[in-house]
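Number of protein chains: 2
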Amino acid sequence: MATGRTHRPATRSRGIPEATVARLPLYLRALTALSERSVPTVSSEELATAAGVNSAKLRKDFSYLGSYGTRGVGYDVEYLVYQISRELGLTQDWPVVIVGIGNLGAALANYGGFASRGFRVAALIDADPAQTGKLVAGLPVRHTDELEEIVDHNQVSIGVIATPAGAAQEVCDRLVAAGVTSILNFAPTVLSVPDGVDVRKVDLSIELQILAFHEQRKAGEDLGEAVAAARGALPKTAAEAVDRPGPDGDVPAVMPA
Amino acid sequence: MATGRTHRPATRSRGIPEATVARLPLYLRALTALSERSVPTVSSEELATAAGVNSAKLRKDFSYLGSYGTRGVGYDVEYLVYQISRELGLTQDWPVVIVGIGNLGAALANYGGFASRGFRVAALIDADPAQTGKLVAGLPVRHTDELEEIVDHNQVSIGVIATPAGAAQEVCDRLVAAGVTSILNFAPTVLSVPDGVDVRKVDLSIELQILAFHEQRKAGEDLGEAVAAARGALPKTAAEAVDRPGPDGDVPAVMPA
DNA sequence: ATGTCTTTGTGAACGCGTGCACAAAGATGG
DNA sequence: CCATCTTTGTGCACGCGTTCACAAAGACAT
Numbered sequence: 267m268a269t270g271r272t273h274r275p276a277t278r279s280r281g282i283p284e285a286t287v288a289r290l291p292l293y294l295r296a297l298t299a300l301s302e303r304s305v306p307t308v309s310s311e312e313l314a315t316a317a318g319v320n321s322a323k324l325r326k327d328f329s330y331l332g333s334y335g336t337r338g339v340g341y342d343v344e345y346l347v348y349q350i351s352r353e354l355g356l357t358q359d360w361p362v363v364i365v366g367i368g369n370l371g372a373a374l375a376n377y378g379g380f381a382s383r384g385f386r387v388a389a390l391i392d393a394d395p396a397q398t399g400k401l402v403a404g405l406p407v408r409h410t411d412e413l414e415e416i417v418d419h420n421q422v423s424i425g426v427i428a429t430p431a432g433a434a435q436e437v438c439d440r441l442v443a444a445g446v447t448s449i450l451n452f453a454p455t456v457l458s459v460p461d462g463v464d465v466r467k468v469d470l471s472i473e474l475q476i477l478a479f480h481e482q483r484k485a486g487e488d489l490g491e492a493v494a495a496a497r498g499a500l501p502k503t504a505a506e507a508v509d510r511p512g513p514d515g516d517v518p519a520v521m522p523a
Numbered sequence: 267m268a269t270g271r272t273h274r275p276a277t278r279s280r281g282i283p284e285a286t287v288a289r290l291p292l293y294l295r296a297l298t299a300l301s302e303r304s305v306p307t308v309s310s311e312e313l314a315t316a317a318g319v320n321s322a323k324l325r326k327d328f329s330y331l332g333s334y335g336t337r338g339v340g341y342d343v344e345y346l347v348y349q350i351s352r353e354l355g356l357t358q359d360w361p362v363v364i365v366g367i368g369n370l371g372a373a374l375a376n377y378g379g380f381a382s383r384g385f386r387v388a389a390l391i392d393a394d395p396a397q398t399g400k401l402v403a404g405l406p407v408r409h410t411d412e413l414e415e416i417v418d419h420n421q422v423s424i425g426v427i428a429t430p431a432g433a434a435q436e437v438c439d440r441l442v443a444a445g446v447t448s449i450l451n452f453a454p455t456v457l458s459v460p461d462g463v464d465v466r467k468v469d470l471s472i473e474l475q476i477l478a479f480h481e482q483r484k485a486g487e488d489l490g491e492a493v494a495a496a497r498g499a500l501p502k503t504a505a506e507a508v509d510r511p512g513p514d515g516d517v518p519a520v521m522p523a
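One line per chain: the protein sequences are F and G, in this order. The first sequence begins at 267 in the numbering used here and counts up by one. The second sequence begins at 267 in the numbering used here and counts up by one.
To be clear, the hints were calculated from the coordinates, so they are not data collected in a lab. All values derive from a computational prediction rather than experimental measurement. Warning: the hint list may mix true and false statements.
Intra- or inter-copy, both count: the list cannot distinguish identical chains.
Each computed BS3-like pair below joins lysine-lysine, with the alpha-carbon atoms no more than 30 Å apart [claimed, not checked]:
hint : residue 1 : residue 2
1    : 400       : 323
2    : 484       : 326
3    : 400       : 326
4    : 484       : 400
5    : 484       : 323
Using the sequences and the hints, build the whole thing.
Structural data, given as structure tokens:
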């Protein structure tokens, strides 16, 4: 997981808990994979392991959406895909702008997972005039000067910030002023936005730091209680967790092949 | 924020709650910025707003680390930077391998926030022979065949997976078998790992879907209760939240400039 | 040395999220 | 039509995380 979560206090939106909303995309991904394999129905148990969660949790999550299952059988895959998509708002078109076309911005532009979920990259924007006009993922890079016009013209309500930290707040302000009300921020800064604007944050460095913390703890434990596990051998109980959720039909993030 | 959180049930490591650990990097970033501006001390209130959290929460978080503040004054910036760094394990060297050098992998390799936090990119690995030897961020891309040797030789315990979803589980298995015990996964798949291995997940598409959900809700609300806010105008109460946390001294994610 | 003022550290209450365990619902077979 | 078996939907209890509110602690001035 990443970091994010700069929402309004806890306005559980229309009764659906925030934690549930965060898991819906997970279920949707697993269901899409099943759908592509033409599996008609799935039990909460199967789907839960495929999504990497507890089956009781999954059932409770679905219960917030309504009673879409059949006792003794399970859930209809296609129907559930539709219901979750609709709940998440993926049945409509979401034009998105990406600001800051460096490696990360380019990775995002090329990311296949967007288009398949109703997200359409309306424009790529960068402050560097040398970049202007260059094609990235088939789209021409536009200059920051055009930001307001692009947002307004394409009715963009979701903006992605992949600029350096120093530029993030200004870009954010301009996006918001132009009409954007949801922002996905990859820059390592705390953005301040007016009320009513949602910000989610993804911070690569923070994720690594959290891993380092646990890693350090593990190392300390090993030293203190048992012999440091010989490197090269499988750690601790390598048994269990042998079940593999089937491969995911989703388009990868990036990379040649 | 991103998604992640595939930890062991809830093993609050040595009394420090998981939620607190996740915020420590946030505090550290804010403190580093203050340190660069040579600010000697900071109150919980100031630091909290800079990090974008509640001041009571911040004080409680710090109380888990010990009593590092001075009543009536605040916290010593330098001292706190050191304590948090030590707690997170950032005072030691963490060699990291990045597997999958596409746009995203390259973005990660170029990401400055790593080096400044004790993370050292030990190697870049890709399955495409055509990529082998190419320089990315000053490092030569190595072939997947060398994975085990690289991990073993460099004593790598943290691996970053930025491959397509289809390749992620195999890469994961090989990393774990070679001795990696912490994995940061960018591929849109649920990885299964043996006990004792930590996995954190960052899923770009999921973040956008969560934003879309709230966006849809906002749109529905506007339609239902009030006049749809005229696009182009600042939404709702544009007042408040005018305080700006100072610019962050951190090195940006990517992008030319 | 004493009083005042600031800011920390934390006890306690509250709310959300999780997981158990089971009753209700429906499918399926005879 | 009845019995059995599977699987959902949920009431309930528990634990973590958040927030309030305040007492204790120290700085600082007089």
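Results for each hint:
1. Taking the shortest Cα distances, residue 400 and residue 323 never come within 30 Å of each other, neither inside one copy (47 Å) nor across copies (46 Å).
2. Taking CA atoms no more than 30 Å apart as the test, residue 484 paired with residue 326 passes between copies only; the shortest distance there is 24 Å, against 34 Å inside one copy.
3. In this assembly of identical chains, residue 400 and residue 326 lie within 30 Å of each other by CA distance neither inside one copy nor across copies; the values are 48 Å within and 50 Å between.
4. Within a single copy, residue 484 and residue 400 get their C-alpha atoms no closer than 47 Å, and across copies no closer than 35 Å, so neither meets the 30 Å cut-off.
5. Taking the shortest alpha-carbon separations for residue 484 and residue 323, both the intra-copy value of 29 Å and the inter-copy value of 26 Å come in at or below 30 Å.
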